[in-house]
Every structure is written in C-alpha cells, then in structure tokens.
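A.B. asks: Okay, here's what each chain looks like letter by letter:
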Amino acid sequence: MSAPDTRPAPGQDSAGETELAAYNFAYLDEQTKRMIRRAILKAIAIPGYQVPFASREMPMPYGWGTGGVQVTAAIIGPEDVLKVIDQGADDTTNAVSIRAFFQKVAAVRATTHTADATIIQTRHRIPEHTLQEGQVLVYQVPIPEPLRFLEPRETETRKMHALEEYGLMHVKLYEDIARHGRIATTYAYPVKVHGRYVMDPSPTPKFDNPKMHRSEALQLFGAGREKRIYAVPPHTDVVSLDFEDHPFEVQQFDRPCALCGATHVYLDEVVLDDRGGRMFVCSDTDYCETRQAEGHVGEMLATTATDREAAE
Amino acid sequence: MYVAVKGGEKAIANAHRLLADRRRGDRSLPGLTIAQIIAQLGLAVDRVMAEASLYDPSLAALALKQARGDMIEAIFLLRAYRTTLPRFGTSVPLETGRMQVERRVSATYKDLPGGQLLGPTFDYTHRLLDPDLLDETADVEAPARRAGETEAVMRVSDILDGEGLIEPDGEMPDDHVPGDLTREPMEFPMPRDLRLQALARGDEGFLLALGYSTQRGYGRTHPFVGEIRMGLVEVEFEVPELGLTLSLGEIRITECQMVNQFKGSAKAPPQFTRGYGLVFGQSERKAMSMSLVDRALRTSEFGEDVTAPAQDEEFVISHCDNVQATGFVEHLKLPHYVDFQAELDLVRRMRARHKPAEETTEHEEAAE
Amino acid sequence: MLSRTETFSGGFADPVFDAQTAFRMLMDCMARPGEIGEVALSLSPPAPLGIAAGAVMLTLCDHDTPVWLSPKLSQSPVPGWLAFHGGAPVTPERHDARFAFFETKAPLPALGAFALGTQEYPDRSTTLIIEVASLKDGQPLLLRGPGIRDTAGIAPGGLPADFLRQWNENGALFPRGVDVVLTAGRQLVALPRTCKITAAAVAETPASEG
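Residue numbers (the working numbering), protein chains in the order written: chain G, 1 to 312; chain D, 1 to 368; chain S, 1 to 210.
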C-alpha cells in the first residue's frame, strides 16, 4: 500500500502493526499521543476548561480510568516513577491493574511513596503528603461536567460555561442549605479555577479540595468515556464554591487514625464485627505506613502490639 | 524497582486463572475452533464485527471464544484491538446497488424487478426446538441454487426516486469529508454521516427498543420497509498516485431502506422520506432498528417537534454505545468507600439534627 | 533551493522517546510560564527554523494540524521538512492554523488574525511559536498568572516591537486567545494566554522565577 496516509507515523514502525498484541511504547500510537498532548497544552493554557479530545478505546473498560490512563500514557517517559492509587490506596485491585499495565507497556518504575513519584495517577483521593514542584497528579474522572446533574445536555452546559453562567450551581447548593441546613455535597464538590471556570474536581471527598488550591504540582484530569481533558497549573487559585453565611468547610474526624495516630487526614471507616465495632484508619495507605515506620502508633496498633506481647 | 503490593496482584492473577479454567470448561470435550464459531455461530460473529466496527470474522470469532460467548465483552475486545490498527484511508463508498444479493425483500411492492428473494431467513420458521440438532449426525441438505450468474438488482428506493416521490438520497457537498467519531471528539448537533456511524456501532438492543418506541407512538414515523437486502459487496480503495482503484475484497452487509410518510411542510412538498440502516454481516433486526432511529433523529430536519426519546440526538447518540455503557455501569462495583465515607458522615449528621423533630411528631401522634 | 538531504534528515533520532522528552519539557514550561526549557536532543531542523522550534514542530504537528509558516519560512526548506517528518499540511490561512511559526525578526501580524477559539471552544486557537534572539539578554519582563507563585522574569531579546501591546489585548479576550512559545535556539519559554506580562523597571533585575 502506498496511499498518502499509509506511511506510518514516525516511531510507529517498531510497533509491528499487523501482529496481534503488539503495541507502541506506553500503548498509544504516536498520532494519538500527539492529539492528547495538544489537548493537555490547551487545558493548561485555559485552567479548568474541559478540552474535548478524541478519546481512544483502551484495553480496559470505560469508567475504570481510561481517561487517566490516556493522559498518563501521553506524558510518561522512561525516566518517570509512577504511583497509582484508588481510594488513596496503592493495593486496591484497579490501582494494581493500572500499575501493572504501565509496567508492561512502558517498563516504567513504580513506587508507592508519594514523595518518590513523578507521576501519580489517582482515583478519588489526593495524597496527604504535600505534592511538590515537578510532580504531576493525574485524576481519573467519570463525569467531568460539574453542571451535568443540573442540566444533562452538553449543548446547554457548554453555553453556560461560555457565558460564565453559574447561577444554577449556586441555586442548587443553596437549596441544600434551605433543606438540610448545610451543603449536602460531600464529594465532587465544585470549585472555581483561576476565577473563571467552575470545575469538577472528580469524586474526591471535599476534604481534599483545599489541597488543589495553589498546589506546587501540575494537576491533569482525564475523562475517557466523556472525552474531556482539563488541567490546573501549579500556583493556581482553586476555590470551593460557597456562601458568605455558609462558608465552605471540610469533613472533620473526631478521632485520629487507629493505626498511625494521624490527625487532620481523611479516614476510612473499617467495620470490625457485626455488633457495631469499627475503627477509622488513614485512607492514604502510604502516608499511614510511613508514619507507622517512623514510630507513630495508633490506638488499635498499640492494642494489637500489647495483645501480641501478652500472648508471648 | 519492584514494588510488593498486598494481596491485590495475587488475587487478580488467581481470578484470571479461574476465568481461564471456566472458559475452557470440561477438558474431556474438544475445544471450540475458530472455524467452527465462524461457520456455526455466524450471526454472533456478525454482531461482534458490526458493533466493534471491524470486519474480520476470524478475530471476531476469537473474541467470542475468549469472551465465553459474552457479546459485549467480545465487542469490547475487538474494539480495543481495532484502536491499535494504523489507518490507511477511506474506501470508496460501497455500491449496494451492485450487491450480490443473498436476500432481498420489499414490503412496499408485491413484485418488482429482481423479485423477492427470501434467502437464509428465520422468517416463517416455526419456532419449535429441533431435536435433530441434539445429535447432529444426519446430513443437512445442500441449498437449492438458482442457475446462472447473479445479477445486480435495482434498489426499491430508486423506483420511488424515479417518480420524484421520495426525497433525494442524503446529498452531501462534493468536498464533504466523511467524519469519524473514533478519531474526533463528538459535538452536537451532529451531521447525519457521523450519526449513522454512531448508530452502526450502536447496541442492537438499545436501537431495537428505541425503534420499537417510535412504532408505539413515541415519535411515530409511519415506516414501510422499502427494501432490505443482504449479500456481498465489493470494497474498493482509490490510490491517486497510481491512478487506480484497488479492490480490497468483498464483505457481507445488510442494508435497510425505510420509507416514511411525510405530509410536507411550508418548505417541502409532501413526499416520502428515508431512514437508513447499514450493518456488517447479516442482521436485519439491527439494520431495521437503525433505519427507524435514523429517521426519528431527522425530526427537526423536517421542521417537526422533538418530543420523544428516539428523536433526541444527544440522548440517543450519547447512550447507544454498549462498550461505554457497560464500562460505566460496571464501574460502580469498583471501590467507592472514600466517597461513601463522606456520605455516611453527612447522613449521620443530618439524622442527628433530624431526630428531635421526629420524636416530637411521634409524641403528637401518641397524644391524639 | 530545497535540498533533499535537508528534507529527509535532521528529525528526531528516536521519534517516540524524543517526542516524549520534548513534550514533557514543553508541558512543564506551559505549566510554569517563565521557566526556560532546554532541548538537549540531537535534531537539526533546516534554517531558519531553530532547534527548539523544530522540536515543538515534530512533537505536536501532524496530519490533523494545519500549520501556518511566516513568509520566510515558507520559502525555506521547512515546508518539505515538516511534510516529511510531521505530515502536517501548510495553510496560508492564519485562522485555520493550529500552529504558526516565525523565525527571528519576522514581522508579527495581528494576533487577532489567527484562530482565537470561540467562547464555547476556546481551545480551538492557534499556538504561535516565535523565535527570538535570546530569552535572557533582552528586555526584562515580569510575568504573573497561573503557574507562577508570585512573579517570574524573562528577558527576551528581539521580541517583535508591539508584542506587549498585542499580548495585553490577547489577554483581555480570555478564555479566548492565542498561546505563545518563545524559542531561542535550543531554549524555549511558554506563554499561555493567562500570563500577564509587564515591562520590568529598567533598574530592576528580573525576579527569580516561582
């Protein structure tokens, strides 16, 4: 074949095109990477604006992180160190699966330590350890449109963003206050970026919203099924929507982590028995393990240790 | 740097090992061959090719085998493979008028040039389970064949077109480059070529239900099956540098031209309008459903009000893809405990605040 | 005239990894306006296209991205090089261009003649790659905006005369507007449309970045 378009894109030749199960570095072909890279640059230039992109079918299901995976695949290189978390944990099955995918197709180094990673792909959490310059946080996003549940039509929500018409969102939040005495949105809590676009921070608990504000790290968001990429550059204002008489507030936990004793972190509730017994532990597993290694001991850990000693 | 993780990796590996075992099933039985699947489960292969939008019976059969017969999983496998293929260009539009028809029926004329040809259809079979298939030792009769060459058969829509009774066939400007929603982000409203592409890849069941809904009054279009034809067509590819058109081979497709009544408007005289369906392989149900939904989606084009789900472009196109739909529906089984924790906390707080009010109500009731 | 060697050579030595390296540097620069990126790859685009500009071209341009070239670049071997290595179509229409390239001292047309995007789709705008004499030895400028903690400083030499005025007008269109990458040989600095630029007081040394 020698039609005008038949010449493989540079670098594609090594992909062994006709062979089943052959793939390029980081899985995506070079043309797809360029398309995603262009979208990422525009996303950075227009903070909080959702750039449409021609999302590809990935070898994992839509809704399981295909957007984040495509963003990571477009930026990752052999020098990178990758961390993948789901619900804050490195060992949740989908995080394991995505990390294994990149180890296979990009032979990339992986870590669980937040501070060691250059790229962190996440679902539903921002790590507790403050991110640094040079790190990129890639969010997996299911529904990128913060206005979607108020107005299902893309044609309408696009107009609302164009006109900066966000009254509907404030009405919704205020209705919450009228009905429940507080804003009843606990995760995917809408934010305004660089004073212009209202943005969905992905379904992270609102506890994490303040970490997005003027972060040192670059934050990239990929929504594969909905075909959108957006970004928050470092040092950019990210303000959670609120009202003067009902200021934004994050969840407070009335006890420290049962394993490492950390306070001011997001905790998971672990059910211990069928009689209402439960404990609260760090959702960020790396943060918790690091603290334990440093000698911090939570209530349950102390108990366990004592039990063990008693048994000996 | 190897990272040891706790349990997850092992659990996944074991789950996949068990899956492989269940896929193979009883080892004392011979494994299915790809050739058997293509030959004897051909309509399943067709559906996988159609909704994966990749015409390759062997790979579709492999996908079916790997997916243990789960159609959507097989479609997903083939789609994921399709994405990795390089793109050479766009073929010359298929000339379905030159199809070697294996089946061709029209509901609008009793007889017509080329005749009605039933072909390999389930129509008029009595749906009685056939015990002979339990133990397939008896020879199956060879099909009856008409003598002579197969000839091109004129399209029914061309008969109506000759009289000016039907709208022209989807005219596009000469310089129109066909869109491709697998390469460009979607945008609404969408031109009809992209819409048809989405429908051709769309889920058969979803389109069937939508087409059905138009018949029951949710966006009625007064449809008649002008023609359904199924058979082999040639796929050609132009190579401008060489100044020639190459034949890439033949594919089997099903085409449906639905003819719909239209009373006319201020702009257009009364005439029949078209709904179009085209799918890989033999799938009349899909082609017919697609043509009903195509016509319904042209509602605003004819100055009619959009009132029913099947007429709503953004609704239909955004939800017709079963690979997207299954992924997002099934993602709900992924852990969501972080979000749930946030909701738990909120509901507990709200209940705490709500309690006194409830108690008051109970007291009042007791007093009455 | 168009030399065959120039057309076919001088691309990325390893297209997959070189493009990744160049993109990552460009992305970091776009995320941190004022930060100067250095293209340490071995590529040799035909003159007068600079090395950093050539790297941006090969990293981002392809069949899907019409490219506008300044008159001088159009007359150079650059179109052939771009066609061979990137396959990108060259367009004479500024508003159709996804990317536009300028050599040093090329006159800067009105930014508004390029694609500025729409209010609904502000991303559908041109990115301009402008070669300047240097990024450190010229007029000191102060940058503010997303990606910058307080202020950042650059000192581009040979910036087109009315660039600052045009850039201010561009900024007023936000979210519409063009984005710019200034290149100087192997170096580049990115100026997303959100970046506010003011001339630094002459006596003042450029504030250190971020």
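In case anyone wonders, no lab produced these hints; they're calculated from the structure. As the structure is a computational prediction, the values presented were derived from the model and not from experiment. One should not assume that every hint holds.
[Said to hold, decoys possible] Mimicking DSSO-like on lysine-lysine, the simulated pairs with C-alpha atoms at most 30 Å apart in a straight line are:
no., chain 1, residue 1, chain 2, residue 2
1, S, Lys196, S, Lys136
2, D, Lys65, D, Lys333
3, G, Lys159, S, Lys196
4, S, Lys196, G, Lys192
5, G, Lys192, G, Lys159
6, S, Lys105, S, Lys72
7, S, Lys196, S, Lys105
8, G, Lys104, D, Lys263
9, G, Lys172, D, Lys10
10, G, Lys172, G, Lys211
11, G, Lys192, G, Lys211
12, D, Lys10, D, Lys333
13, G, Lys211, S, Lys196
14, S, Lys72, S, Lys136
15, G, Lys104, D, Lys65
16, G, Lys172, G, Lys192
17, D, Lys110, D, Lys65
18, D, Lys333, G, Lys104
19, G, Lys159, G, Lys172
20, D, Lys110, D, Lys263
21, S, Lys136, S, Lys105
22, G, Lys211, D, Lys333
A.B. asks: Hint by hint, say whether it matches the structure.
C.D. replies: Comparing the hints with the structure gives:
1. A threshold of 30 Å between alpha carbons decides the hint, and for Lys196 of chain S with Lys136 of chain S the separation of about 18 Å falls inside it, so the pair holds.
2. For the proposed pair Lys65 of chain D and Lys333 of chain D, the alpha carbon gap of about 25 Å is at most 30 Å, so the pair holds.
3. For the hint pairing Lys159 of chain G with Lys196 of chain S, the CA-to-CA distance comes to about 27 Å; that is within 30 Å, so the pair holds.
4. Under the criterion of a C-alpha separation no larger than 30 Å, the hint pairing Lys196 of chain S with Lys192 of chain G is consistent with the structure, at around 20 Å.
5. About 17 Å separates the Cα atoms of Lys192 of chain G and Lys159 of chain G, which keeps this hinted pair within 30 Å; it holds.
6. Among the hinted pairs, Lys105 of chain S with Lys72 of chain S is consistent with the structure: their alpha-carbon atoms are about 10 Å apart, no more than 30 Å.
7. At most 30 Å may separate the alpha-carbon atoms for a hinted pair to count; Lys196 of chain S and Lys105 of chain S meet this at roughly 23 Å.
8. Distance check on the hinted pair: Lys104 of chain G and Lys263 of chain D sit about 61 Å apart at the alpha-carbon level, beyond 30 Å; violated.
9. The hinted pair formed by Lys172 of chain G and Lys10 of chain D fails the criterion: a straight-line CA distance of about 45 Å is larger than 30 Å.
10. For a cut-off of 30 Å, the pair hint linking Lys172 of chain G to Lys211 of chain G stands: about 24 Å separates their Cα positions.
11. Between Lys192 of chain G and Lys211 of chain G the alpha-carbon distance is near 14 Å, which keeps this suggested pair within the 30 Å criterion.
12. At roughly 19 Å between alpha-carbon atoms, Lys10 of chain D and Lys333 of chain D fall within 30 Å of each other, so this suggested pair holds.
13. Between Lys211 of chain G and Lys196 of chain S, the direct Cα distance comes to roughly 25 Å. Compliance with the 30 Å bound is thereby established for this hinted pair.
14. Straight-line distance between C-alpha atoms of Lys72 of chain S and Lys136 of chain S comes to about 25 Å, which keeps the hinted pair within the 30 Å bound.
15. For the hint linking Lys104 of chain G to Lys65 of chain D, the alpha-carbon distance of about 25 Å falls within 30 Å, and the restraint holds.
16. Of the pairs offered as hints, the one joining Lys172 of chain G and Lys192 of chain G holds, with about 15 Å between alpha carbons and a cut-off of 30 Å not exceeded.
17. Between Lys110 of chain D and Lys65 of chain D the alpha-carbon distance is near 43 Å, which puts this suggested pair outside the 30 Å criterion.
18. For the proposed pair Lys333 of chain D and Lys104 of chain G, the alpha carbon gap of about 25 Å is at most 30 Å, so the pair holds.
19. About 18 Å separates the Cα atoms of Lys159 of chain G and Lys172 of chain G, which keeps this hinted pair within 30 Å; it holds.
20. Of the pairs offered as hints, the one joining Lys110 of chain D and Lys263 of chain D holds, with about 24 Å between alpha carbons and a cut-off of 30 Å not exceeded.
21. About 17 Å separates the Cα atoms of Lys136 of chain S and Lys105 of chain S, which keeps this hinted pair within 30 Å; it holds.
22. A hinted pair counts as satisfied when its Cα atoms are at most 30 Å apart, and Lys211 of chain G with Lys333 of chain D qualifies at roughly 27 Å.
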